[in-house]
Amino acid sequence: MLKTFRIGGIHPEENKFSAGKSIETIAIPSEVIVPLAQHIGAPCQAVVKRGEQVKVGTLLGKSVGFVSANIHSPVSGTVKKIDKALDASGYKRDAVFIDVVDDIWEESIDKTNSLNRDYDFTSKEIIDKIFAAGIVGMGGATFPTHVKLTPPPGTKAEVLIINGVECEPYLTADHTLMMEKTEEIFVGIQLLMKAVNVNRAVIGIENNKRDAIDKFRETAKFYPSIKIQPLKVQYPQGGEKQLIDAVLSRQVPSGALPISVGAVVQNVGTAFAVYEAVQKNKPLVERVVTVTGKDVTNHCNVLSRIGVPLRNLIEHAGGLPETTGKVVSGGPMMGKALASIDIPVTKGTSGILIIPTLEARRKQMKDCIKCGKCVNICPMGLNPTLLMTLTEYEVWDKAEKEKITDCIECGSCSYTCPSDRPLLDYIRLGKSKVMGIMRTRKD
Amino acid sequence: MKNKLIVSPSPHVHSGDTIAKNMYGVLIALVPAFLVSLYVFGVNALILTVASVLFCVITEYVIQRFMFKKEPTILDGSAIITGVLLAFNVPSNLPLWILAIGAVAAIGIGKMSFGGLGNNIFNPALLGRVFLLISFPAQMTSWPLPSTVSPIDGVTAATVLENIKYNPQALPSISDMFFGLESGSIGEMSVMALLLGLVYMLWKKIITWHIPISIIVTVAIFTALMYWGDPSPANNPIIHLFSGGLMLGAIFMATDYATSPLSNKGMIIYGVGIGVITVSIRLWGSYPEGVSFAILLMNAFTPLINNYVKPKRFGEVRKNG
Amino acid sequence: MNMMLMAVGVLGAIGASGATILYFIGQKFKVYEDPRIEPVQDALPGVNCGACGFPGCNSFAKACVEADSLEDLNCPVGGADTMASVATILDKAASKVAKKIAVVRCNGTCENRPDKNEYDGAANCAIAAQLYGGSTDCSFGCYGLGDCEAVCPFDAIHVNPVTLIPEVDVEKCTACNKCVVACPKQLIELRKQGPKSRRIFVSCMNQDKGAIARRACQVACIGCGKCVKACPFDAITMENNLAYIDDDKCRLCRKCVPVCPTNSIWELNFPPPRKVETKKETASVDA
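Listed in order, the protein sequences are those of chains W, Y and G. Under the working numbering, the first residue of the first sequence carries the number 1, and numbering increases by one thereafter. Under the working numbering, the first residue of the second sequence carries the number 1, and numbering increases by one thereafter. Under the working numbering, the first residue of the third sequence carries the number 1, and numbering increases by one thereafter.
The following block holds chain W by itself, in its conformation from the complex:
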């Protein structure tokens, strides 16, 4: 029996069409738009002015506050303006517009493909380099990595868990990266272990990526402190708490951080970014993006600079199909539907999924028949139908007692509901309301 998490879970159709496709590089367009808020936390403050010359790797936005991350120029050229631009959040936010000229990199960056293995850093040096490079969680959550690597005082990490699960259907960006940059990822993991002072790391990989498991097992022979843990295919295994439960059989208590059970979780994509930041001095200016969908002609995994319009990536994959109904940034379960395809790639864009109209529209919602299916599949052991009702009637105190704030917004409830009820829509709203109430109570 393969390991997995112990409460709830679903198994949606995998549809990983782009699996096994090697990484292709996207051409740099004549203009890029770099949003100043690409991470969870405070947006960056722009440090460049209109008309200024920038190179690849020049700092564009400085992180303000602890939970924030630097943003660097992904191209070389001239800053055209700093203005509001629509981003994946669905709102207009501040962004830096750059007219591209050539492709000149900052001198400090090592552009070669040679494999470096230099572990001569202290924990603080590694975290500082990660902070400087503006690295965020590459799985899509975009939580600044240096924050996660700095455990709160009084806590001690025991084990580093690397998330190679990629449980979202369709997406293969992590899978492809694992196949092509195996050694680099292992070096990155070694650095991360050093950063959080642990001597043990476990890489969790779902069993639908047999090739990656085999390749990682081969490589792990040379890294005795890194273990590979194949996992049963089940969604949402990539959720931080679910992954810890699956790998360590430990459950993080409600409201607590993973460090409370001695674990720090990082994505494989993040490990690769850490490798580049520490060994090559390269800030986070590009990432791997899966472009796929049922009617897409050329499923692909592309390496794209930050700030390139999604339209260019879609063109590379054969253009928008006639049947297009919805374009999603991220996977089908947790990704964001986009109002326009002219928004730029950001640090959190793990995939572009094009859903045909026939599947894009929701069905009409019916009354709840109390079948209890949502209760049984909820990976957090919550009662989604009750939480939706409590939100509809704005019973916030009861919703708080029912732990609405534990919801990880994985979408399993809405996915399962035979009455097509928008459970997660309401729970998400209720969760943010209850969190707001809890915050005001604390102040």
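Bear in mind the hints are in silico, worked out from the structure with no lab data behind them. Note that the structure is predicted; figures quoted are calculated from it, not measured. Think of the CB as a built atom: it goes at the ideal place given N, C-alpha and C, for glycine as much as any other residue. Take these hints with a grain of salt, some might be off.
[Unchecked claim] Part of the chain Y face toward chain W, derived, beta carbon under 8 Å:
| id | residue |
| --- | --- |
| 1 | S8 |
| 2 | P11 |
| 3 | H12 |
| 4 | H14 |
| 5 | I19 |
| 6 | Y257 |
| 7 | A258 |
| 8 | K310 |
| 9 | K312 |
| 10 | G315 |
[To be verified] Subject to a maximum C-alpha distance of 30 Å in a straight line, what follows is the list of computed DSS-like cross-link-like pairs (lysine-lysine):
| id | chain 1 | residue 1 | chain 2 | residue 2 |
| --- | --- | --- | --- | --- |
| 11 | Y | K69 | W | K366 |
| 12 | W | K366 | W | K433 |
| 13 | Y | K310 | W | K442 |
| 14 | W | K221 | W | K280 |
| 15 | W | K433 | Y | K312 |
| 16 | W | K398 | Y | K312 |
| 17 | Y | K70 | Y | K21 |
| 18 | G | K62 | G | K30 |
| 19 | G | K185 | G | K226 |
| 20 | Y | K204 | W | K363 |
| 21 | G | K185 | G | K209 |
| 22 | W | K363 | G | K185 |
| 23 | W | K16 | Y | K21 |
| 24 | Y | K21 | W | K363 |
| 25 | W | K366 | G | K116 |
| 26 | G | K229 | W | K84 |
| 27 | W | K363 | W | K16 |
| 28 | W | K156 | Y | K312 |
| 29 | W | K84 | Y | K4 |
| 30 | W | K221 | W | K111 |
| 31 | Y | K4 | G | K62 |
Model the placement of chains Y and G on the given structure of chain W, informed by the hints.
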């Protein structure tokens, strides 16, 4: 691209599960029991079942169309199930007009007065059945002998449970009871056919094992204890499991979505409750059969169970353990 | 006969002892309540809407009785009449708050502000607001999903099915503030009802720069500042590319209305001759 992009919150895919899929799944699971009833009771079973379904669907349509003024949802299959289950719970010689009253009571009082599917507290089919049992006790408890046993129409006989209570010598063999060759309501007789239905529903993930198994196990343990104290046929666990509406109730009636608890733990409590009440009524009550009442009673407890029995939350630390 | 007497006696005794116990318990747990609270509460509308800032009519009545003056206390639902009768009951001076009315500051109808994408989530403005700026290019405007309609206890605000913009029923609106809180875009404002319901306001909340706002919506405020110059009373301010008319300063002279190039300043319930037609003419001459 011609069309506007569609924007909605995640998730963007759906399992494709629908109410109708579940309901028709239940109907498919009822087919074996229906075939046995055709074999045992002949054309009467067919007439009653079809009539009951028609009455239920028409009642639902009329109420939704003319009283709620909403688009009727008769195609989702839930009224059809109520109709089939109501027919399965009555004797095969019941006059059609009584059945019509039962259907109106089941859908009108049992389901629609609460707001329709999902909002009802009691299982509609059972409510209709109990309504008839109390209103027309004579017609509801005269059981024609199966045509396979006696070819002459109009001969009636007691059910197994009545015999246990009043005439313990006249019991059919266990194997007859397993295959359904005894007198009783239309659909409740063949344990084998009903178990086939259970297997189908578990395979299709329409229901989970918790409710039927907990009822069956509770009845088995409870009667086994009684049998151990007093080994008379009235306490024989096998007879209790194979007779009356136990299997039909445990597999098809107690598992009704709207009237059973949401969490697995709650389902087990609910099932144990049904088992205990059923056996209590059978052994010490004045009715020979107690499944309907047991399920209706536990239906009433379902909201309470839902309120107090929560699924185990992720990362929850229980006190004292 | 004897039996009957006994039955009467026993029941009587039980009744009497029960009554005694109840009496003493009632005395022991008696709560003193100001006798004036009840008549005040009776004078209030009794809908417990919470518009006054108190949890219900009873708490408001209590506050009225306990307060030294009624100056800060106002029942927006009952208005001046109710407060006057409360004042007579309590023999205090009534507050004089001008009647207010809810005003929807968006005119982004389907014609003025074409849809650029299609929203397919739950029909709830708050949920849509969590997701994105809306189905048009204007991320400040109305979603048209009717959260305001759902919270209104007086059936006074309805989303027009054609324009998808909510409309306020002046007769029914009591300025209870519920829709103001419910709107995730803060489009609804309580403004002075004005004499004969005459009101002037900027029906737009778009803070984008002029060109962007205009491209998104034909009737957006583009922040040109013409109205600010036209206003003789300094009632109009311009902030974040958006004009705002202060209803305390506005004297309803209507000078700002014709100068607005996008017709985003609304005049309501003024005599007809100078209404919409005039506005359009002047606007085109200006442009």
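Verification of the supplied hints:
1. S8: Because about 6 Å separates S8 of chain Y from the closest Cβ in chain W, which is inside the 8 Å limit, the hint holds.
2. P11: With Cβ-Cβ at 3 Å, under 8 Å, it holds.
3. H12: holds, 5 Å
4. H14: holds, 6 Å
5. I19: Interface hint status for I19 of chain Y: holds (5 Å vs cutoff 8 Å).
6. Y257: OK, holds: Y257 of chain Y within 8 Å of chain W, min 4 Å.
7. A258: holds, 5 Å
8. K310: holds, 7 Å
9. K312: holds, 5 Å
10. G315: Nearest chain W Cβ about 4 Å off; hint holds.
11. Y:K69 x W:K366: holds, 16 Å
12. W:K366 x W:K433: holds, 25 Å
13. Y:K310 x W:K442: Holds. K310 of chain Y to K442 of chain W sits at ~28 Å (cutoff 30 Å).
14. W:K221 x W:K280: holds, 25 Å
15. W:K433 x Y:K312: With Cα atoms ~24 Å apart, K433 of chain W and K312 of chain Y stay inside 30 Å; holds.
16. W:K398 x Y:K312: The hint holds at about 17 Å.
17. Y:K70 x Y:K21: Holds: K70 of chain Y and K21 of chain Y sit about 22 Å apart, inside 30 Å.
18. G:K62 x G:K30: holds, 18 Å
19. G:K185 x G:K226: holds, 25 Å
20. Y:K204 x W:K363: Measuring from Cα to Cα gives roughly 22 Å; hence the hint holds.
21. G:K185 x G:K209: holds, 18 Å
22. W:K363 x G:K185: holds, 27 Å
23. W:K16 x Y:K21: The given pair, whose Cα atoms are some 27 Å apart, holds under the 30 Å limit.
24. Y:K21 x W:K363: Judged against 30 Å, a Cα distance of about 15 Å means the pair holds.
25. W:K366 x G:K116: Holds, at roughly 28 Å.
26. G:K229 x W:K84: holds, 28 Å
27. W:K363 x W:K16: holds, 25 Å
28. W:K156 x Y:K312: holds, 28 Å
29. W:K84 x Y:K4: holds, 23 Å
30. W:K221 x W:K111: Satisfied, since the Cα-Cα distance of roughly 28 Å is no more than 30 Å.
31. Y:K4 x G:K62: Violated: K4 of chain Y and K62 of chain G sit about 56 Å apart, past 30 Å.
Taken one by one, the earlier hints fail for this structure only at number 31.
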